[in-house]
Amino acid sequence: MEEGGAPVGLTPRPDRQVVTVAPASQEGWVATRLDFLVNWGRANSLWPMPFGTACCAIEFMATAASKYDLARFGMERMSFSPRQADVLICAGRVPFKLAPVIRRIWQQMLQPKWCISMGACASSGGMFDNYAVVQGIDTIIPVDVYVPGCPPRPEGLIYGIMMLQEKVKRERMSDERLRDEMEPDPTSKLYIPPSVIDELSEPFGNSVHQTRSGL
Amino acid sequence: MTDAPLMTPGSADPASSPVTPHGVPHRGGPMNPSAERIRARFPAAFVRAEVVWGETTVFVRPDAVQDIVRYLHDDDSERYDYLSDVTAVEYRDLELPLQVVWHLRSLPYRRFLRLKAEIAKSAPLRVPSVFPIYQGADWLERECFDMFGIVFDGHPDLRRILMWEQYQEGYPLRKDFPLRGRFSRSEQLRQALAAEPESRYSMTELTIADAFEDLPLEMRRRLAGGEKTGE
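As you go down the protein sequences, you meet chains E and P in turn.
159 is the number that the working numbering gives to position 144 of the first sequence; each next residue is one higher, with no gaps.
1120 is the number that the working numbering gives to position 152 of the second sequence; each next residue is one higher, with no gaps.
In case anyone wonders, no lab produced these hints; they're calculated from the structure.
All of these numbers come straight from a predicted model, not from anything done at the bench.
Where hints are given, some of them may not hold.
Claimed, not checked - Below, a sample of chain P positions facing chain E; criterion: calculated Cβ distance under 7 Å:
#1 W1132
#2 P1140
#3 L1147
#4 R1148
#5 G1149
#6 S1152
#7 R1153
#8 S1154
#9 Q1156
#10 L1157
#11 R1158
#12 A1160
#13 L1161
#14 A1162
Using N, Cα and C, we set each Cβ at its ideal position, and we do this for glycine too.
Using the sequences and the hints given, assemble the complete structure.
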C-alpha cells in the first residue's frame, strides 16, 4: 500500500507497537533473540488445515485465491493432512456428528498448533440454535482467534490471521505451559465442565423465542 | 363486514382464484388421468384426489400403497419409472397428523403424480416400503424413518442415515420434538464425542465388494478388468 494514500483495505493497526518484543529482565539476550527469530519464522509460515463445512469455506477459498492472496502471509500451502498443519481454520458450522471428527483432527495436529474459528456458526452456533449443531467449537477444542461475520469477508479473515501472527510473535520459550495440551476428561471426553458448556450454549437474541413444541 | 362470504383457499370461486403466468389455476384444472384409473382399479384404497397448481395429488389408504405403486410402475398405460422423492409431512391436525408423500414421475408419458397416505393419530406409524419396486427408495425411506420415525415394512436395511445410529433423542422433524433437542447441550456433546468417528459407518458402506452382484453388467465388466471407479 502506498504511503500517504487514503486509508483503504488493510491499514496498520494503531496498537501495532504491542507486538515489539520486550524481554523480561530475567531472560538473557540470546534467548530473547532466539525467541524473536523462531516466532518470526513460525508466524510467517503458518500452514492452514482448512476445515470448511459451509459458506465460510467459500470466503476462505476467495481469501486463498489470487485477489486476496493468502500466500502473502506464508499460507500458500493448504495442508490437507493434519500432521503437517499449523493452524486449524474451522470455516462453517459443525454438527454434532462432526464433533468427534474435528476433535480427532485437532489431536492429530502436532505442536505448535493454533486454531481460528471463522464465522458466527463456528464461534457460537450462529443462527443454528437447534438440535444438530454444536454451539461453538470452543466447547470441543481450544480456539485462539474468533473471526466474526456471516460469513466474514476475506479482509476479516486476513485480519484474524494477522492477529494470530501477532499472538505467535509474542510467545516466549521461557513460558513452560506454552505447549500444554488441554486433556479432555477421560470419561465424558469434555475438557470444560458441563455446566460451563450449558452456560455457553444458552439461547440468545432471536433464538430465545423459537422454542415451540407440542400440538 | 358480516355479509362478506367466508373465503378459504379451498372454497374460493374458481373464476377469481389466482393463476400462474402460464394460466395454471390454483385449484382445479385438468387432472392427471392416472388418478381416475387408480380410483377405478383400487376403489377401497382410494380416498380422494385434488389438483393444486396443476399437480395432481391422490390420497390413498396406507396399507395399499405398495399395490398402487406397483401398478403405476408396471402397467403399460402408466409407466411411472422414476421415483423422485419419499418424504413425510406433519400437520397440526388432530385426527390425521402425518402424511407420507411419494413423488412419482412418468418419463414416457410426461406425467407427475403425488401420492399421499394419511396416518391416523392412533394408528401405528407403518407404511409398506416401495423398495421392491424402486431401489432408489432405499435412502429416501431411511431418511424419512430417521426424521419422522415412520417404519417402512419390507425395507431391507432400515437404519438412521442423517443422525448417527446411536442417536437417543428421537425423531427431529416431528412436531413434538423441541427445536434444541431433548437433552442439555453438554449431554448432547458428551454423547457425540463418546463415539469413535469410525463407528458412524457400517462395513456395507465401506466396501463395494458385497454389492458386486447387484452392479450393472457393464460396470461389473469394467471393475473385473481392473479399472478404478471415478471417485
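Status of the hints after comparison with the structure:
Evaluation of the W1132 (chain P) hint against chain E yields a held restraint, the C-beta minimum of about 6 Å falling below 7 Å. Hint on P1140 (chain P) holds. Least Cβ distance to chain E is approximately 6 Å, under the 7 Å limit. Evaluation of the L1147 (chain P) hint against chain E yields a held restraint, the C-beta minimum of about 5 Å falling below 7 Å. Here the hint on R1148 (chain P) is kept, as its CB sits about 6 Å from the closest CB of chain E, short of 7 Å.
With its C-beta approaching chain E no nearer than about 3 Å, G1149 (chain P) sits inside the 7 Å limit, and its interface hint holds. Given hint, S1152 (chain P) at the interface with chain E, holds; its Cβ is 5 Å from that chain's nearest Cβ, closer than 7 Å. The interface hint given for R1153 (chain P) is met, as the beta carbon of that residue sits about 4 Å from the closest beta carbon of chain E, less than 7 Å. Among the interface hints, the one on S1154 (chain P) holds; its C-beta lies about 3 Å from the nearest C-beta in chain E, closer than the 7 Å criterion.
About 6 Å separates the beta-carbon of Q1156 (chain P) from the nearest beta-carbon of chain E, less than 7 Å, and the hint is met. Given hint, L1157 (chain P) at the interface with chain E, holds; its Cβ is 6 Å from that chain's nearest Cβ, closer than 7 Å. Look at R1158 (chain P): its Cβ gets to within about 5 Å of chain E, closer than 7 Å, so that hint holds up. Checking A1160 (chain P) against chain E by beta carbon gives a least distance of about 4 Å; that is within 7 Å, so the hint holds.
Taken as an interface hint, L1161 (chain P) checks out: its beta carbon lies about 4 Å from the nearest beta carbon of chain E, inside 7 Å. Hint status for A1162 (chain P): holds, given a least beta-carbon distance of 6 Å to chain E, under 7 Å.
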